[in-house]
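Colleague: Each chain is listed here by its residues.
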Amino acid sequence: MTEILLPLISLLLATLRMATPMIFASMGGLLSERAGVVNIALEGFMLVGAFTAAVIAFYTHSAWLAAFVALGVGAFVGALYALFVIEFKGDQIVTGTAINILTVGAMPFFTKILFNSTGSTPSIPLEDRFNFEPIVLALLLVASLTYWFYQTYSGLWVQFAGEHPEALASAGINVRKVRWVSVILSGGLASIGGASLSTFLASSYSPLMTSGRGFMALAALIFGRWKPLQTCAACLFFGLTDALQMRLQGVQVAGFEVPVQFIQILPYFVTVIAVAGFFGKSESPKALGKVYE
Amino acid sequence: MLKHLIFFVTFLVCEVALTAPLKVGLVLDKGGKDDKSFNSAAYAGATKAEKELKIELKYVEASDVTALENLHRAFARKKFDLIIGIGFAQTEAIKKISAQHPDVKFALVDGEVAAPNVRSLLFEEHEGSFIVGALAALKSKTGKVGFIGGMDIPLIRRFSLGYEAGAKFINPKISVVNNFIGVTGEAWNNPAKAKELALAQISSGVDIIFVAAGASGSGAFDAIEEKNKLGIGVDSNQNWMKPGVILTSMMKRVDVAVYNTIQDTQNSKFTPGVVRYGFKDKGVDYALDKHNEKILTPELIAKLEDIKTQILSGKIKVPDYYKQSKK
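Top to bottom, those sequences are chains A and B. Each residue of the first sequence is one higher than the last, beginning at 1 in this note's numbering. Each residue of the second sequence is one higher than the last, beginning at 1 in this note's numbering.
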């Protein structure tokens with residue numbers, strides 16, 4: 001019995017671990033996109049968070065403080081994004097890409113000053129890192145976000161800001177304000193996702209360590225049809241393919257080596273299929289990407 | 001005052017003109033100078049040359065493969081005397097730029113370019129991997145050892161094949177788990193995934209893991225540290241990263257190769273062609289220092305030295321992935 005149970009538990013834990021940074025980031029993306037602002041900058045927010053947390057944890061020896069500061073700095077970069085796309089009405093895709101490139105370029109600048117290195121930070125000792133807390137936090141986040149979204153007025157405001165901003169405005173709510181708050185929170189949440197990468201899954205910041213997880217989070221958001229629970233499920237599914245792929249490398253089944261590359265393709269494959277509408281209509285928020293005058 | 005100043009300036013100019021230092025450009029791979037592994041070794045060799053040989057050193061890091069050609073071209077146009085490319089990914093860039101700038105000397109680590117102005121620096125990784133494989137098998141209690149490679153390329157396959165052969169040489173019944181982080185350059189920079197792979201291996205009973213994954217390696221060592229297992233480092237001496245957790249490091253002396261090439265160029269002894277580094281010149285070796293002297297006992301060392309001499313004398317034939325794949 002334990003022979004089957006133990007690998008299953010280890011697979012489950014690995015799935016949760018791999019999904020955690022993506023859950024944070026996709027929940028951030030969800031907030032921003034449901035409020036009507038396309039968020040391709042998740043990858044950049046994550047990098048900022050990963051870097052900030054690694055630096056703070058290294059100096060203060062506190063992973064919690066690191067996560068809080070990462071939240072703050074991520075929110076700041078989110079505000080920067082909001083300023084450009086909401087106030088200056090910049091193109092959301094272009095600005096998001098710019099944020100991604102900016103963060104990649106900015107990190108080596110800071111690490112050079114702080115540690116005389118070209119992009120990586122010193123490693124954080126075992127006792128100063130998270131053990132499992134980010135997993136719990138991520139799941140709590142999904143639960144509270146689901147409640148907030150569907151059970152409170154302010155949650156509805158966010159939804160309307162992305163569906164019918166005019167209706168929201170005629171109800172006397174400031175659409176811009178709602179979008180500002182959503183995008184700022186989006187930056188903060190994605191940034192915590194990055195922090196969980198550098199202070200939980202790894203032990204330092206290294207350049208480009210997110211390796212596309214921000215975009216995976218975006219894919220999960222689309223696959224999950226911009227709904228919190230489904231998006232979380234999509235993240236877990238992506239995490240599972242990753243964990244499965246690792247365990248099947250080089251394994252022989254009936255004399256053939258399992259082609260793990262195919263398992264690695266799965267997340268992208270299902271996203272394409274989901275976007276193409278094979279699993280029912282995948283409907284994005286109606287006012288997504290539209291500037292509100 | 002002015003006279004003094006003029007004198008001083010002329011003196012300076014003469015001084016510079018007389019001993020114009022050798023200009024060396026170092027193009028590092030994606031992992032960057034702080035990967036504590038492959039690129040760090042190259043950077044260490046170059047900075048040692050900068051201090052001891054008084055050369056002028058400029059280094060750049062390639063953010064991705066498409067940038068390589070431009071980096072080499074920029075150095076060549078600025079009339080650098082020697083340009084050193086680190087990593088197999090630079091082979092094509094050096095092939096092209098060295099042909100366009102025949103007066104500039106190039107050196108390439110881990111790749112082969114046949115040109116009159118290019119020196120190719122190759123290492124016998126399979127031999128070094130064989131010896132750490134043997135060590136892993138000697139030290140393993142579970143009879144299961146692991147290998148985690150960065151990007152799935154022939155070079156890293158060469159490591160894993162040598163490692164497996166070394167482990168099987170000691171214990172024919174041992175099982176070796178081979179994992180690769182990915183198939184793109186990202187694999188060198190994904191510590192989170194390296195950690196998961198290590199945890200997966202450990203949960204399947206592996207107790208010693210050889211990690212050849214550039215900057216991703218630190219993640220695997222984190223997992224090994226958490227689970228109280230042993231790891232084996234690569235390229236640089238990585239024993240210091242986690243004293244007592246890293247059994248040894250399979251050192252690939254890229255630093256020596258880089259230093260020697262700079263020295264040769266300075267002494268006008270630069271020769272094109274392939275230079276191989278192996279056990280005989282300590283270009284490949286296992287690391288022993290104060291961080292691992294407690295785990296690497298004299299009996300183990302004696303055993304390893306014995307295997308080393310047997311490889312040198314040709315008594316043990318270490319399988320080479322390069323030759324196998326050509327078959």
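Hints listed in this document are in silico derivations from the structure and should not be mistaken for laboratory results. All of these numbers come straight from a predicted model, not from anything done at the bench. Each residue gets a CB set at the ideal place from its N, CA and C atoms; glycine is no exception. Wrong hints could be hidden among the right ones.
[Stated by the list, open to error] Stretch-level coverage of chain B by chain A, calculated; a stretch enters the list once three of its residues show a Cβ under 8 Å from a Cβ in chain A: (1) 267-279; (2) 294-301.
[What the hints assert, rightly or not] Sample of chain B residues with no beta-carbon within 12 Å of chain A, all distances over it, derived: (3) K30; (4) N39; (5) T66; (6) K78; (7) E112; (8) L138; (9) A165; (10) I174; (11) G182; (12) T184; (13) K195; (14) K242; (15) D264; (16) E305; (17) D320.
Colleague: Please go over all the hints and tell whether each is borne out by the structure.
Modeller: Results for each hint:
With a threshold of 8 Å between beta carbons, the proposed coverage of the stretch 267-279 of chain B by chain A is violated, since 0 of its residues qualify and at least three are required. Given a C-beta distance limit of less than 8 Å, the hint that chain A covers the stretch 294-301 of chain B is violated, as 0 residues qualify and 3 are needed. Distance check on K30 of chain B: its Cβ comes as close as 8 Å (rounded) to a Cβ of chain A, failing to clear the 12 Å threshold; non-interface status is violated. For N39 of chain B, the requirement that its beta carbon stay farther than 12 Å from each beta carbon of chain A is not met, with the minimum near 10 Å.
Look at T66 of chain B: its CB is around 15 Å from the nearest CB on chain A, clear of 12 Å, so calling it non-interface holds up. The Cβ of K78 of chain B lies farther than 12 Å from every Cβ of chain A, with a closest approach of about 20 Å, so its non-interface assignment holds. Here E112 of chain B stays apart from chain A, with its beta-carbon at least about 28 Å from theirs, past the 12 Å limit. Interface exclusion of L138 of chain B from chain A stands, the closest Cβ pair being 23 Å apart, more than 12 Å.
Once the 12 Å rule is applied to beta carbons, A165 of chain B is consistent with being away from chain A; the minimum gap is 16 Å. I174 of chain B, annotated as away from the interface, keeps every beta carbon of chain A farther than 12 Å; the closest lies near 15 Å. Not every beta carbon of chain A lies more than 12 Å from that of G182 of chain B, the smallest distance being close to 8 Å; the non-interface claim is violated. Listed as outside the interface, T184 of chain B is inconsistent with that label: its C-beta sits roughly 9 Å from the nearest C-beta of chain A, within the 12 Å cut-off.
At roughly 6 Å, the least C-beta separation between K195 of chain B and chain A is not larger than 12 Å, which violates its mark as non-interface. A Cβ of chain A approaches the Cβ of K242 of chain B within 12 Å, the least distance being about 9 Å, so the stated non-interface status is violated. Under the 12 Å C-beta cut-off, the non-interface status given to D264 of chain B relative to chain A holds; the minimum distance is some 27 Å. Annotated as non-interface, E305 of chain B keeps its C-beta farther than 12 Å from every C-beta of chain A; the closest such distance is 32 Å.
For D320 of chain B, the condition that its CB be more than 12 Å from all CB atoms of chain A holds, with the nearest at approximately 20 Å.
Checked against the numbered hints given earlier, the structure breaks hints 1, 2, 3, 4, 11, 12, 13, 14 and satisfies all the rest.
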